[in-house]
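Visitor: Here are the chains, one letter per residue:
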Amino acid sequence: MKAVAWCAPHLVRVEEAPDPAIINPRDAIVRVTSTCICGSDLHLVDGFIPFMKPGDILGHEPMGIVEEVGPAVDPDKIKVGDRVVVPFPIGCGECFFCQRQMWSCCENTNPKPSLGETMHGHATAGIFGYSHLTGGYAGGQAQYLRTPLADVNLQKMPEDLTDDQLVFLSDILPTGWMAAEQADIQPDDTVAIWGCGPVGQFTLRSAVLMGAHRVIAIDDESSVPERMQMAREGGAETIDMNSEDVPYRLFEMTGGLGPDSCIDAVGMESHGYHFLGSVYDRVKTSLMLETERPHAFRQAVKCCRKGGTLSVPGVYGGFADKIPLGAIMNKGLTIKTGQTHVHKYVPKLLDEIRQGRIDPSFVITHRLPLSEAPHGYEIFRKKQDGCIKVVLDPAA
Amino acid sequence: MSTVVSKLSDKGSINVARTERLISGALGSALLLTALSGRGAKRLTALGVGSALVYRGFTGHCHAYEALGIDTACGATASDLDRVGVEVSECFLVAKPVEDLYRFWRHLGNLPRFMSHLKEVEALDERRSRWTAAAPLVAGGLIQWDAEIVEDIENQRLAWRTLPESSVDHRGSVEFSPAPGERGVYVRVELTYAPPGGQAGRWIAKLFGEAPEQQVRSDLRKFKRLMEAREIPTIEGQSHASCYGLGQLLHS
Numbered sequence: 001m002k003a004v005a006w007c008a009p010h011l012v013r014v015e016e017a018p019d020p021a022i023i024n025p026r027d028a029i030v031r032v033t034s035t036c037i038c039g040s041d042l043h044l045v046d047g048f049i050p051f052m053k054p055g056d057i058l059g060h061e062p063m064g065i066v067e068e069v070g071p072a073v074d075p076d077k078i079k080v081g082d083r084v085v086v087p088f089p090i091g092c093g094e095c096f097f098c099q100r101q102m103w104s105c106c107e108n109t110n111p112k113p114s115l116g117e118t119m120h121g122h123a124t125a126g127i128f129g130y131s132h133l134t135g136g137y138a139g140g141q142a143q144y145l146r147t148p149l150a151d152v153n154l155q156k157m158p159e160d161l162t163d164d165q166l167v168f169l170s171d172i173l174p175t176g177w178m179a180a181e182q183a184d185i186q187p188d189d190t191v192a193i194w195g196c197g198p199v200g201q202f203t204l205r206s207a208v209l210m211g212a213h214r215v216i217a218i219d220d221e222s223s224v225p226e227r228m229q230m231a232r233e234g235g236a237e238t239i240d241m242n243s244e245d246v247p248y249r250l251f252e253m254t255g256g257l258g259p260d261s262c263i264d265a266v267g268m269e270s271h272g273y274h275f276l277g278s279v280y281d282r283v284k285t286s287l288m289l290e291t292e293r294p295h296a297f298r299q300a301v302k303c304c305r306k307g308g309t310l311s312v313p314g315v316y317g318g319f320a321d322k323i324p325l326g327a328i329m330n331k332g333l334t335i336k337t338g339q340t341h342v343h344k345y346v347p348k349l350l351d352e353i354r355q356g357r358i359d360p361s362f363v364i365t366h367r368l369p370l371s372e373a374p375h376g377y378e379i380f381r382k383k384q385d386g387c388i389k390v391v392l393d394p395a396a
Numbered sequence: 001m002s003t004v005v006s007k008l009s010d011k012g013s014i015n016v017a018r019t020e021r022l023i024s025g026a027l028g029s030a031l032l033l034t035a036l037s038g039r040g041a042k043r044l045t046a047l048g049v050g051s052a053l054v055y056r057g058f059t060g061h062c063h064a065y066e067a068l069g070i071d072t073a074c075g076a077t078a079s080d081l082d083r084v085g086v087e088v089s090e091c092f093l094v095a096k097p098v099e100d101l102y103r104f105w106r107h108l109g110n111l112p113r114f115m116s117h118l119k120e121v122e123a124l125d126e127r128r129s130r131w132t133a134a135a136p137l138v139a140g141g142l143i144q145w146d147a148e149i150v151e152d153i154e155n156q157r158l159a160w161r162t163l164p165e166s167s168v169d170h171r172g173s174v175e176f177s178p179a180p181g182e183r184g185v186y187v188r189v190e191l192t193y194a195p196p197g198g199q200a201g202r203w204i205a206k207l208f209g210e211a212p213e214q215q216v217r218s219d220l221r222k223f224k225r226l227m228e229a230r231e232i233p234t235i236e237g238q239s240h241a242s243c244y245g246l247g248q249l250l251h252s
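First to last, the protein sequences are chains V and A.
Position 41, counted from 1, in the first sequence is what the UniProt record's numbering calls 41; the numbers after and before it change by one each time, with no gaps.
Position 102, counted from 1, in the second sequence is what the UniProt record's numbering calls 102; the numbers after and before it change by one each time, with no gaps.
In short, the hints are calculated from the structure, not lab data.
Treat the numbers as computed from the prediction; the structure is a model and nothing was measured.
Warning: the hint list may mix true and false statements.
Each computed BS3-like pair below joins lysine-lysine, with the alpha-carbon atoms no more than 27 Å apart [said to hold, decoys possible]: (1) K322/V with K306/V; (2) K2/V with K306/V; (3) K77/V with K96/A; (4) K112/V with K96/A; (5) K119/A with K302/V; (6) K336/V with K302/V; (7) K222/A with K112/V; (8) K53/V with K382/V; (9) K119/A with K77/V; (10) K222/A with K53/V.
One-sided and incomplete, this derived list gives chain V residues near chain A with beta-carbon spacing under 7 Å [said to hold, decoys possible]: (11) A5; (12) A17; (13) R26; (14) P111.
Idealized CB from N, CA, C, for every residue including glycine.
Pulled out of the complex, with its shape left as it was, chain V reads as follows (with noise of 0.2 Å):
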């Protein structure tokens, strides 16, 4: 088959790989019709996550049918033939985290936790194609995707909605909704969102649908106008971080309170302006002493009204410096992050897309055949031709 591989930083290739086969008795194999790159991949590409091997299978926003069954998969829940949608996060269903619906939590999942547990205590659910972290699963930007415990993971979908309407289930869709969730959203509330991609845009339009009062996003209007556009056009007011002062826009917004809550859906590769701590995260990055950018995060913290809540869903992986300690505890912010319990959301999103409230295919604007998923990658990681979310097709 055909499939994208991580082959070394900065260097993705199409290239031929086995077909997979089922491993384990539930496992199921699904053949994929549409996959999508996500902003974590480029964390992934640029090197920023240092768990990869070179050929290691790339993507996490798979959707397809089902090919081929293990002999334990519940043949009442998954059969062969079945359209699917593949979450991110792979769970058990069975463990303390997937009973109280905290998937990406999983305790069973991950076939490596060592690596997790050395690094941060504990070890995340196996996720696919994303580094050795997260358990080296081979990922979903190919052909063919083996998909473990199949029965308690994929996701059944009807056959009257199109793929770009489904697709996103599988990651961004869920971890907006997630992100807006975690806010802990009231009816004045005004919420202010770092970063207008892709993530930032599902953010703002479930900010929108959960009722706040005002939502504010932010980005550069220079590099990416069509994203601000984008923004506006889902219900938010923009906020140019290359010509304003944020912090000054968002207390004069507020009449010197800042936003109840703040989400930071940018994460380890923020670009910050105006701002020497920018300068010196590059610094230390580049010099392996920081594995994060955390510009958003700290500027979001700085803007937090006091008693408000930081929602995080921007990927970060290891360590960052000069964070705000002192701020967050003097004013006292709660902090809500995560990777996101897709399972638990899809069923409500679905009801969502079904009745109209969303539609999620908004946010595509490029669909090229996998054979040309680097050049994907390049316009998406310099933001070129508009470039705002590529959805890959396997079988072009």
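Once you've looked at the hints, dock chain A against the given chain V.
Guide: Chain A alone, transformed into the frame defined by chain V:
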């Protein structure tokens, strides 16, 4: 550990335990083979250390041990475990009914499904069983021992120990205790063992990442996974791209 201080040992007599001798011999031979292909100082070191290890394995005498007054040859017997045994304890929360967990463990034939070194456990009668394990450093690659269950409290506790004439010496227990509310069961495994090859064997094992502490933890986690997920998730054998060697080249 099984080190016994011996001031009376005669010069040149056997002061290295049998398993440790085997390990010495094997490591020494490997080093000598390396020396054949090595160069310079590296080759000389491999030659020197390799010959010493082979000598030590062949004669059973270690000059360093003699100088330090150590003798591992009169290693631990079953009665020594209390004095010299290494203890390992691990505990995992398993979200399944205690009856299922106890029943699975009590059927000793299931043990090789989550204890990675075990090949087979065969029940000889209600209490006694024969265990076969992989042991790469031993001739034939397998070791075998007999064990007996010394305590069996249904759904609470199971304890076993090796029979006195066995080639390995350990005792262990598994305890099932209720976790608060609906959380499931705390499964705690305790092992006391005399490390094969004494302290030296333990160091060598650690060097190769086979430290028993890690082994027990990894095995108990596999038990949890088998019970909760009904299989042990793995990526072994999954598809992988080659990058035509380009990736490795750029990566190194």
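Visitor: Taking the hints in turn, state whether each one holds.
Guide: Each hint tested on the structure:
1. K322/V with K306/V: 20 Å, holds
2. K2/V with K306/V: 51 Å, violated
3. K77/V with K96/A: 22 Å, holds
4. K112/V with K96/A: 23 Å, holds
5. K119/A with K302/V: Cα-Cα ~59 Å, so violated.
6. K336/V with K302/V: 16 Å, holds
7. K222/A with K112/V: At roughly 11 Å apart (the allowed maximum being 27 Å), K112/V and K222/A satisfy the hint.
8. K53/V with K382/V: 24 Å, holds
9. K119/A with K77/V: 35 Å, violated
10. K222/A with K53/V: 25 Å, holds
11. A5: With a closest approach of 4 Å, the A5/V hint holds.
12. A17: 4 Å, holds
13. R26: 6 Å, holds
14. P111: Check passed: Cβ of P111/V comes within 5 Å of chain A, closer than 7 Å.
The structure fails hints 2, 5, 9 (numbered hints given earlier, in ascending order).
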